[in-house]
Amino acid sequence: MRPDQQIERKLTRSSWVLAAVGVLWILALIVGMRAMLNYENGAAEAGEPPAQWPTDSRVQRVPGMPTIVVFAHPKCPCTDATIGELSILMTRLQGRASAAVIFVRPANSPDDWEKTVLWRSAGAIPGAKVFSDPGGMEARRFGAQASGQTILYDRAGRMRFSGGITASRGHSGDNAGRSAIVSLVTTGAATTERTSVFGCSLHDPTTRADNGEASWFTSLWTRHQ
Amino acid sequence: MVHELVDETPVNPAIRDRAEFLLKEHQLAVYKRTDRMFAGLMTFQWLAGIVTALIVSPKTWAGQISDVHIHVWAAVFLGGIVTLFPVMLAILRPGQAMTRYVIAGSQMLMSGLLIHLSGGRIETHFHVFGSLAFLAFYRDWRVLIPATVVVAVDHFFRGIYWPQSAFGVLTASHWRWVEHAAWVIFENIFLVQSCLQGVRDMRDNALKQSELEALRDQADASSRAKSEFLANMSHEIRTPMNGVIGMTEILMDTELSTEQTEYLNMVKGSADSLLQVINDILDFTKIDAGKLDLDPIEFKLRDTLVDSMKPLSVRAHRKGLELVTRVPTDVPDTLIGDPTRLRQILLNLAGNALKFTERGEVEVGAELEAREGSQLTLHFFVRDTGIGIPLEKQKLIFESFTQVDGSMTRTYGGTGLGLTISSRLTEMMGGRIWVESEPGKGSTFHFTVRMQLPSESHEKVESRLRVEWEGLPVLAVDDNLTNRRILQEMLANLGMKPMLAENADAALVALRKAHGAKQQLRLVLIDAHMPEKDGFSLAERIISHPEFRSVPIVMLTSAGQAGDARRCRELGIAAYLSKPVSQAELLEAVASAISASQKKPSDRTLVTKHSLRENRRILRILLAEDNIVNQTLASRLLEMRGHDVTVVSNGRQALAALEKQAFDVILMDVQMPELDGFETTVAIRESEKSTRKHIPIIALTAHAMKGDKERCLAVGMDGYLSKPIRSSDLFELIERSPGAASETYFSSGNKELASNPFDGEALLARLEGSAELCAELIDTFLKESPHTLSAIEFAVARRDSAAIARSAHALKGAVSNFGANHPAFRAAAALDRCGKSGNLEHVEQLYAELTARLEELQAEMQSFAGKRFHSQART
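The listed protein sequences correspond, in order, to chains X and S.
The numbering of the first sequence is our numbering, which starts it at 1 and goes up by one.
The numbering of the second sequence is our numbering, which starts it at 1001 and goes up by one.
Everything labelled a hint here was simulated from the structure, so no lab data went into it.
Hints may contain errors.
Dumping the calculated DSS-like pairs for lysine-lysine here, alpha-carbon to alpha-carbon at most 25 Å [to be verified]:
| # | chain 1 | residue 1 | chain 2 | residue 2 |
| --- | --- | --- | --- | --- |
| 1 | X | LYS115 | S | LYS1059 |
| 2 | S | LYS1268 | S | LYS1867 |
| 3 | S | LYS1059 | X | LYS75 |
| 4 | X | LYS75 | X | LYS129 |
| 5 | S | LYS1355 | S | LYS1393 |
| 6 | S | LYS1497 | S | LYS1513 |
Just chain X, same shape as in the assembly:
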């Protein structure tokens, strides 16, 4: 075989190898991206809030004004987006609603465990008050399971919206939940009153009655609607 033919053969062989590597690369990208997107768009366990404001709640709503209640895990990274969306929401509503952000502090956790950056960010939102929920009692009263659970109660204390106000885990930007709350407060009606919640679980796994929360690993391969 002539040297130039040998070189050509080597080049052809190496091109095939590179092509094969390229195909594997694309497949790996698809798998990786799908897994990440599946996780990010996999909703947490939905909460079941009471239809009426719980009377035994320590959190007082403002009479004659809709109240937005947001439950947050103080260390959940996805909840930063929720707090951001709440801020946008309160800006849009311009004082027509009040907000209560309740940070769940697990039992046996140290004092001020819940006083994180999220606590401070929430506290800076005009029209919003922050509350600490030692042991998650309020969370249970309102039926909240996951961080980011947002509930809208109208002037009369009736539950009008339950769900999340982010499009996916930790993802800021336009979302159905925010749009629904704005519509409900301003017009009294909305196209949807339920959305998915994207956030960490508020409760330790052993204390939850329903341990149906899938691990993030499993959630990579399933889509939550």
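Fit chain S to the supplied structure of chain X, relying on the hints for placement.
Just chain S now, kept in the frame of chain X:
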């Protein structure tokens, strides 16, 4: 014809093709450079993504229980997958289209990943637009396609499977799609335009570069043509001139009448003058064409100054003029510069000074004008007491072809180029030239040059002698004030305490006074030619006094006369030197004279320049030369000089000889069988690395082309001598500081002088006048050349081009000793070239030509030998 680039304008096709090639080259360089940039950027982004994930979302929680967030793993693994394949391509296949397309797609994927890792921040979306702009660095609009496709595919599938993640709502209006797409398309439009404009600019630049290259090639061709013209003219003019001069000299050796001798003297004089004029014109043309290069080497300033004046000393003496040189002690002696060009300027100026001076003296001197570290500016001057130059002419004389007075050419001769050449040479050496003159009183030509001190000072003061001579009283007697000053400086520089006297009577008074003060003078230097009482008379008077008899006397003369040496011996004078005398010669003579004075009178010998030369050390020389004629020539010349020569025939034998004994210097033929001169030199230098020694190696080469010197230097040689070898050049090279490793020295030998067709007298002169050696050389050639010719004939019959080249080259080398431009040499050279090229189409004709020319040469040599030596040389 080349035009400004407008696509419709016709451009020379060759230039356009070259421009296209250059454009492709530039583009490839841009692609490779941008690939490397993106490889670095993507790696940085991968690391930045990991840091972002660790900061923004390090853990996921369930109550108090935490785990590593998926974003961290995504940053590490998914980020690695996105990064590594394009980086691998950038390293393995830089500049290829697939590489940059993969990079473009990967960069968009990285944007998506970073958006996710940062929690969908609006600011992170800017990474998409920034990446598109970076991709424009490729100046290939096509890379935007995979980038845009990746964004479109991502949004499409996201819209199907995760619609909220794309627009935040489950169903997005068509306007949202348009809005998203429009922003990307908006930027792409500008980027595509930018890429296209970039390529247009590159094409313009490539075309301009191609045009410049074409112009440069034209200029190079023109320059080469000029060089060839100069070389040819030099050869074509000098060859017949040397023929005229040589034949005239031969004719002058025959029996002639007085009238015929007178006519021939006129012919020779005219021919010498014409040759000088031709040399001037050729030098001027070379300088004008920028073809003259300086050759900076290490040299001794005082020796060079003195050597420069030697050719003029006889002329000076004939006119009754004093020719003196003076260099103060603060001027360093060992310098790096071009001594050949310096000599040329000094000869020109001093020659002019002698020409235009009828009485008095010509003084040539040097002073240190400025010094900055190892950089020196030296100020030379040539002062005469001649006719002077009017003020209005002083600037004009440096212009070409201008003389002070056109009628000068009839009275004094000359082309008017000498000063112009000196002026240009001075400028080349970083200096300037000017004149101060007063008509009727004389002129002083000044010029400055820049030189360097060598890195290691070779300023050896003979410390042992200085200690012995420190403060030694000596007397210098010369009627010329300038000469007295020069002797005073030289003797003071040697550590002695000189006293001066301007005539014989004053000298005797000084001697008596010193004797009275019990200050015995240790040496007397006397100028032989003084008015009233000459030097020999004074010497007689000194020797006749018992109290002064033991003082050694050194006689200095402007021009030796027959019988001077005998007179010196009879008077018991210790040394006899002809002016101009260099510091080194004076030192040697004084040392010899003082040491001789301590011997018995019967054991003393007269010290002269010749005896000083003879007392130089004997060198052990290894001569590596395959040609018998050249072996004989070189070895006999060196043995006549007193050196010990070992002869070998090739590089291998040279290496073997070096293992057996040590040598002081090697003469190496560059073209030898088995191992040639270059390969042997490389082997020697390699072996010297462990011993840290350095043996000087001088190349002997029949080539005299530009580049040969550089090739010799590159392999580690210290000098070269081109054939035919002149004895003076050979001795000078061999004996000049043979042990100094830091010196490099080259001699062009007879590179520029063409020999006339077999000039036996010139050959004899090159062999130091040794008739025996000349006869032996001719005899050896006449015996060997027929064998070499037979070898060529045999090789021609077999059509063996390598053998033809080998034998023709050997014959060429042998013939070169007898006439480098003899037709036989040219015929051998032509056959040598034919063999080397492998094209044997005309080899029979070339061989026939060589045979004919060689027969002519052999006949000429036999005729010369028969007439000159009555030799028995036979073929």
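The hints, checked one at a time:
| no. | hint | in the structure |
| --- | --- | --- |
| 1 | X:LYS115 <-> S:LYS1059 | holds, 17 Å |
| 2 | S:LYS1268 <-> S:LYS1867 | holds, 23 Å |
| 3 | S:LYS1059 <-> X:LYS75 | holds, 8 Å |
| 4 | X:LYS75 <-> X:LYS129 | holds, 18 Å |
| 5 | S:LYS1355 <-> S:LYS1393 | holds, 18 Å |
| 6 | S:LYS1497 <-> S:LYS1513 | holds, 15 Å |
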